[in-house]
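Chain order of the listed sequences is L and R. Just so we're aligned, residue 278 is where the first sequence starts under my numbering, counting upward by one. Just so we're aligned, residue 278 is where the second sequence starts under my numbering, counting upward by one.
Among the hints, a few may not be true.
Here are a few chain L residues that sit away from chain R, every Cβ distance over 10 Å (derived from the structure) [unchecked claim]:
no., residue
1, Lys281
2, Arg283
3, Asp287
4, Gly294
5, Ser297
6, Asp489
7, Pro492
8, Val526
9, Thr597
10, Pro629
11, Gln683
12, Leu822
Facing chain L, according to a computed beta carbon distance under 8 Å, are these residues of chain R, among others [claimed, not checked]:
no., residue
13, Leu285
14, Tyr286
15, Ile671
16, Lys675
17, Lys680
18, Arg705
19, Ala706
20, Phe796
21, Thr815
22, Leu822
Hints listed in this document are in silico derivations from the structure and should not be mistaken for laboratory results. Just so it is clear, CB atoms sit at the ideal spot from N, CA and C, and this is done for glycine as well.
There are 2 protein chains.
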Amino acid sequence: MALKARVLYDFHSENPGEISITENELVTLFSEEELDGWLEGENSRGEAGLFPASYVEITRDQITSNTNNNGLSSPKAVTPTHTSYTSPESQRGLGAGSGGSGGGSFHTSQGSDDDWDDDWDDSSPTDAAQGMGTSPPLYPVTSSLPGRRDSSQQHQQQAKSSATVGRNLNRFSTFVKSGGEAFLLGEASAFVKDGDRICVVMSKNGPEWQEDPYPFMCTIDDPTKQTKFKGMKSYMSYGLTPTHTNVQVNRRYKHFDWLYARLVERFPVISVPHLPEKQATGRFEEDFISKRRKGLIWWMNHMITHPVLARCDVFQHFLTCGADEKAWKMGKRKAERDELVGSNFFLTISTPAVPLDLQEVESKIEGFKSFTKRMDENIVVVNVTINDFARKQITGFKKEYQKVGQSFALLGQAFELDQQAYSGGLNRAIAYTGEAYEQVGEYFAEQPRRDLAPISDLLDLYRGHLANFPDIIHVQKGALTKVKDCPKQEGELHDRCNIISCATLAEIQHFHRTRVRDFRSQMQHHLQEQIGFFQKITAKLQDALQKYDDDQ
Amino acid sequence: MALKARVLYDFHSENPGEISITENELVTLFSEEELDGWLEGENSRGEAGLFPASYVEITRDQITSNTNNNGLSSPKAVTPTHTSYTSPESQRGLGAGSGGSGGGSFHTSQGSDDDWDDDWDDSSPTDAAQGMGTSPPLYPVTSSLPGRRDSSQQHQQQAKSSATVGRNLNRFSTFVKSGGEAFLLGEASAFVKDGDRICVVMSKNGPEWQEDPYPFMCTIDDPTKQTKFKGMKSYMSYGLTPTHTNVQVNRRYKHFDWLYARLVERFPVISVPHLPEKQATGRFEEDFISKRRKGLIWWMNHMITHPVLARCDVFQHFLTCGADEKAWKMGKRKAERDELVGSNFFLTISTPAVPLDLQEVESKIEGFKSFTKRMDENIVVVNVTINDFARKQITGFKKEYQKVGQSFALLGQAFELDQQAYSGGLNRAIAYTGEAYEQVGEYFAEQPRRDLAPISDLLDLYRGHLANFPDIIHVQKGALTKVKDCPKQEGELHDRCNIISCATLAEIQHFHRTRVRDFRSQMQHHLQEQIGFFQKITAKLQDALQKYDDDQ
Numbered sequence: 278m279a280l281k282a283r284v285l286y287d288f289h290s291e292n293p294g295e296i297s298i299t300e301n302e303l304v305t306l307f308s309e310e311e312l313d314g315w316l317e318g319e320n321s322r323g324e325a326g327l328f329p330a331s332y333v334e335i336t337r338d339q340i341t342s343n344t345n346n347n348g349l350s351s352p353k354a355v356t357p358t359h360t361s362y363t364s365p366e367s368q369r370g371l372g373a374g375s376g377g378s379g380g381g382s383f384h385t386s387q388g389s390d391d392d393w394d395d396d397w398d399d400s401s402p403t404d405a406a407q408g409m410g411t412s413p414p415l416y417p418v419t420s421s422l423p424g425r426r427d428s429s430q431q432h433q434q435q436a437k438s439s440a441t442v443g444r445n446l447n448r449f450s451t452f453v454k455s456g457g458e459a460f461l462l463g464e465a466s467a468f469v470k471d472g473d474r475i476c477v478v479m480s481k482n483g484p485e486w487q488e489d490p491y492p493f494m495c496t497i498d499d500p501t502k503q504t505k506f507k508g509m510k511s512y513m514s515y516g517l518t519p520t521h522t523n524v525q526v527n528r529r530y531k532h533f534d535w536l537y538a539r540l541v542e543r544f545p546v547i548s549v550p551h552l553p554e555k556q557a558t559g560r561f562e563e564d565f566i567s568k569r570r571k572g573l574i575w576w577m578n579h580m581i582t583h584p585v586l587a588r589c590d591v592f593q594h595f596l597t598c599g600a601d602e603k604a605w606k607m608g609k610r611k612a613e614r615d616e617l618v619g620s621n622f623f624l625t626i627s628t629p630a631v632p633l634d635l636q637e638v639e640s641k642i643e644g645f646k647s648f649t650k651r652m653d654e655n656i657v658v659v660n661v662t663i664n665d666f667a668r669k670q671i672t673g674f675k676k677e678y679q680k681v682g683q684s685f686a687l688l689g690q691a692f693e694l695d696q697q698a699y700s701g702g703l704n705r706a707i708a709y710t711g712e713a714y715e716q717v718g719e720y721f722a723e724q725p726r727r728d729l730a731p732i733s734d735l736l737d738l739y740r741g742h743l744a745n746f747p748d749i750i751h752v753q754k755g756a757l758t759k760v761k762d763c764p765k766q767e768g769e770l771h772d773r774c775n776i777i778s779c780a781t782l783a784e785i786q787h788f789h790r791t792r793v794r795d796f797r798s799q800m801q802h803h804l805q806e807q808i809g810f811f812q813k814i815t816a817k818l819q820d821a822l823q824k825y826d827d828d829q
Numbered sequence: 278m279a280l281k282a283r284v285l286y287d288f289h290s291e292n293p294g295e296i297s298i299t300e301n302e303l304v305t306l307f308s309e310e311e312l313d314g315w316l317e318g319e320n321s322r323g324e325a326g327l328f329p330a331s332y333v334e335i336t337r338d339q340i341t342s343n344t345n346n347n348g349l350s351s352p353k354a355v356t357p358t359h360t361s362y363t364s365p366e367s368q369r370g371l372g373a374g375s376g377g378s379g380g381g382s383f384h385t386s387q388g389s390d391d392d393w394d395d396d397w398d399d400s401s402p403t404d405a406a407q408g409m410g411t412s413p414p415l416y417p418v419t420s421s422l423p424g425r426r427d428s429s430q431q432h433q434q435q436a437k438s439s440a441t442v443g444r445n446l447n448r449f450s451t452f453v454k455s456g457g458e459a460f461l462l463g464e465a466s467a468f469v470k471d472g473d474r475i476c477v478v479m480s481k482n483g484p485e486w487q488e489d490p491y492p493f494m495c496t497i498d499d500p501t502k503q504t505k506f507k508g509m510k511s512y513m514s515y516g517l518t519p520t521h522t523n524v525q526v527n528r529r530y531k532h533f534d535w536l537y538a539r540l541v542e543r544f545p546v547i548s549v550p551h552l553p554e555k556q557a558t559g560r561f562e563e564d565f566i567s568k569r570r571k572g573l574i575w576w577m578n579h580m581i582t583h584p585v586l587a588r589c590d591v592f593q594h595f596l597t598c599g600a601d602e603k604a605w606k607m608g609k610r611k612a613e614r615d616e617l618v619g620s621n622f623f624l625t626i627s628t629p630a631v632p633l634d635l636q637e638v639e640s641k642i643e644g645f646k647s648f649t650k651r652m653d654e655n656i657v658v659v660n661v662t663i664n665d666f667a668r669k670q671i672t673g674f675k676k677e678y679q680k681v682g683q684s685f686a687l688l689g690q691a692f693e694l695d696q697q698a699y700s701g702g703l704n705r706a707i708a709y710t711g712e713a714y715e716q717v718g719e720y721f722a723e724q725p726r727r728d729l730a731p732i733s734d735l736l737d738l739y740r741g742h743l744a745n746f747p748d749i750i751h752v753q754k755g756a757l758t759k760v761k762d763c764p765k766q767e768g769e770l771h772d773r774c775n776i777i778s779c780a781t782l783a784e785i786q787h788f789h790r791t792r793v794r795d796f797r798s799q800m801q802h803h804l805q806e807q808i809g810f811f812q813k814i815t816a817k818l819q820d821a822l823q824k825y826d827d828d829q
């Protein structure tokens with residue numbers, strides 16, 4: 278029995294395997310199962326092939342478009358995929374190319390995910406779509422949109438509330454959007470299981486997240502190329518192996534992207550590390566795949582060492598759910614239905630027994646604000662400098678050493694016109710010296726990807742964190758301002774403000790610890806690489822020097 | 278009793294200690310003794326001070342102007358000091374700044390010698406003279422003019438000769454000027470003592486100069502500043518210590534210059550190494566004094582290792598004559614009266630028993646001509662390249678490393694805003710890393726003078742030799758052509774042509790041996806320096822790396 282679908286938008290096939298479909302046309306579906314946002318069927322002209330699922334509406338009611346094979350895509354979401362709500366403040370100090378969505382705001386994939394994967398795909402449907410004007414959706418879409426459910430939830434909560442404290446007039450402020458205001462006003466309500474509880478403990482450095490009692494690691498293998506549609510479509514898949522299960526799971530970039538959106542929604546005052554950029558910058562002329570993988574390794578490293586993020590259900594689901602589609606889908610739905618997001622997140626926080634001195638909190642937060650500002654400014658300089666330095670090594674330095682090598686080679690060639698026995702050894706040694714310098718030039722060109730690119734990657738990750746913090750600080754400041762404005766309700770508000778403050782300071786403390794750890798290890802790595810590099814040059818020149826003693 | 282002198286040209290004092298004198302004026306001399314071309318006296322206006330000796334004529338006949346204190350200067354020679362007779366061919370391939378007078382041509386100082394010394398002299402009389410027009414002589418003049426006596430000697434010889442073989446019509450050809458033609462035509466005649474005899478021996482590589490049985494070395498100390506005229510004039514003096522006497526003698530540049538002129542005149546087919554340039558090039562921003570000293574060391578090295586030059590009387594006089602003015606003057610006059618110059622030089626040559634095959638000689642000479650052409654072309658490229666490379670290291674490379682250092686310093690400064698105990702160690706380590714990179718920048722800037730400047734100096738010296746050889750080859754070719762043209766006189770001409778050829782080939786062989794020795798040792802030195810340089814950088818970075826383990 279033939280399934281039918283009505284075409285919503287014109288689609289022009291531009292790649293083998295695709296068919297063109299026209300608005301209002303009825304097409305026959307071979308199956309209601311989508312494959313990554315594509316359906317297979319036959320158009321009214323009898324051509325069979327693929328077309329984007331989001332371009333058609335299935336005409337039989339009992340078939341929902343969510344029963345797709347791939348549990349991670351929500352192909353029916355007809356929304357521009359470049360959605361990114363970010364407060365202007367969170368963008369401050371962000372250079373071009375930094376992923377830049379702040380904590381508390383959210384971020385979907387920066388462009389279609391297949392767009393990314395299709396870097397290894399000869400037949401890109403996205404390329405075709407880009408020629409088609411703006412009215413139809415981009416296809417296939419990738420992540421679900423946390424903002425939608427989130428806002429409806431907020432509306433519910435707002436309807437329930439009996440507001441005795443004035444609301445923030447700016448409905449788009451991060452304080453409001455993050456759920457901070459709702460929590461402070463006592464509007465948050467959800468059942469918090471013991472397993473969901475997040476503890477802030479008091480250390481000599483102030484509030485900190487309680488350490489993860491079961492730390493683990495996670496390796497990311499080189500991505501492998503996967504194909505579907507009998508080889509017509511391809512994508513890259515990353516093998517992740519967490520040490521606590523020691524079972525490899527395979528994830529695509531869009532799965533990372535989906536996870537990221539969940540985390541941002543879930544944790545208003547936690548700085549979720551940004552995913553590596555979608556766009557290849559070509560910086561250091563590094564291989565694109567390798568660069569993204571390195572970015573994901575950095576990202577993973579920040580995830581697994583964050584006491585809250587590492588433990589949370591959605592991340593664990595992402596890390597541990599195997600090839601069982603059903604299990605994956607269940608976990609996915611559970612995450613998407615999670616109630617403990619936004620304002621309810623704060624319900625999960627257990628604070629130390631003694632509340633914080635809010636004056637002291639305010640001063641700490643101010644200090645941190647200055648810190649992030651300066652760090653942001655200065656790492657921009659560092660990034661520009663080392664990128665510049667990398668470029669110089671790849672071009673100028675290499676060229677200079679090679680020119681020296683070539684000129685020594687010329688000298689050797691001139692000397693070879695004298696064929697007396699006693700000059701042969703020198704001629705060979707000079708020729709070798711010429712080659713050695715050419716090689717040293719190559720060494721210079723190869724080096725930046727080893728010792729400068731990793732620093733640049735680290736700086737990128739930290740620019741992401743620094744872009745997150747203004748929103749995080751905004752939430753805490755919003756709470757503090759509200760407390761100051763309403764002295765009569767001070768008791769309850771004060772307790773809730775204490776929770777927000779504890780969480781914020783714990784996150785700041787975690788940031789500093791991570792920063793010291795990361796920069797220490799990265800600087801060490803950089804210096805080790807540099808030392809190895811100069812030793813390699815030294816060895817090459819020692820080889821050359823040796824030649825002058827040979828055949829003398 | 279007052280000595281008087283009549284003024285020949287106007288002289289305008291422009292420096293303290295000098296007095297102005299006017300043409301035809303009578304001046305009173307305080308002494309008939311000149312000091313480096315200057316006299317001290319009183320003019321008709323009662324002003325007392327110095328004026329150039331060559332601007333006046335002493336009115337009492339019994340006093341000769343040659344009884345000066347300084348035996349080396351011949352201050353009365355009223356001749357432009359920029360004399361330099363050089364065949365156009367000898368200039369081929371010479372870049373700007375190479376001293377460039379060929380063998381067989383001669384060369385006086387390139388400008389007044391005091392001009393040179395006055396780089397350390399506040400009151401330069403030469404500066405004053407330069408404003409004075411062209412009619413009076415430049416003052417003080419420095420070296421005697423070998424060309425004058427030389428040409429009169431040639432005239433004598435030419436008058437004596439009974440020419441049966443056609444003369445070269447070009448009286449300015451090197452073949453003629455060097456005395457090569459006169460010798461070939463049997464016009465040379467002089468008494469040759471056994472000690473003057475120069476042996477060419479046959480080795481497996483062809484004719485070679487017989488090795489010096491008493492080789493020696495000679496050190497050149499840092500020059501010291503000497504003053505005269507109660508501190509008003511100053512000059513630099515070089516302490517030379519030859520190992521065969523182990524007694525230090527002091528020589529000024531003008532003494533080197535005088536010696537050079539003697540040697541060029543004495544040895545028509547020997548490549549006398551050029552003296553280091555008069556002009557400071559500022560290359561490598563090297564200290565000027567140090568650069569000249571290094572040039573003189575190279576020069577000395579070539580002198581003492583040349584079997585003929587090292588042994589010759591005038592050089593030995595130069596190296597060994599101490600502070601005894603009388604002894605110096607005697608040796609100087611003896612050298613200037615030496616008969617065994619030009620054509621007579623060839624009378625001193627003892628050849629191997631079996632005469633050379635002139636065909637083979639011709640082909641060897643041709644091969645050498647190609648060799649010098651290629652070497653000359655290629656060392657120009659090498660010189661440009663390494664000078665360029667030096668400049669890049671001093672400017673660009675240094676700047677790049679320092680910029681990296683500064684950016685790390687900035688990172689450290691940002692981090693210092695976080696004053697928690699656990700970040701102090703990292704902050705100090707990053708600050709140290711910044712300093713280390715600044716230091717590495719300095720290393721790069723300092724390095725070229727250690728490992729590129731010496732190569733450049735060596736190339737300069739060899740460009741001098743390569744500029745000498747066209748004239749040397751010209752003498753041999755002139756002789757060969759004459760022999761071919763006059764078959765009937767073949768016997769005698771052939772013998773003399775054999776002498777010229779043996780000497781030329783011995784000199785070429787010496788050039789190759791010296792070249793292989795010099796370039797081998799210089800390339801070794803360069804590589805050793807480079808290795809030390811990269812090891813120094815490595816050590817600095819290892820220090821920096823160590824800091825990350827300290828105070829962790």
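Comparing the hints with the structure gives:
no.	hint	result
1	Lys281	holds, 62 Å
2	Arg283	holds, 59 Å
3	Asp287	holds, 52 Å
4	Gly294	holds, 50 Å
5	Ser297	holds, 54 Å
6	Asp489	holds, 19 Å
7	Pro492	holds, 19 Å
8	Val526	holds, 35 Å
9	Thr597	holds, 33 Å
10	Pro629	holds, 18 Å
11	Gln683	violated, 8 Å
12	Leu822	violated, 4 Å
13	Leu285	violated, 53 Å
14	Tyr286	violated, 51 Å
15	Ile671	violated, 12 Å
16	Lys675	violated, 12 Å
17	Lys680	holds, 5 Å
18	Arg705	violated, 11 Å
19	Ala706	holds, 7 Å
20	Phe796	holds, 6 Å
21	Thr815	holds, 4 Å
22	Leu822	holds, 4 Å
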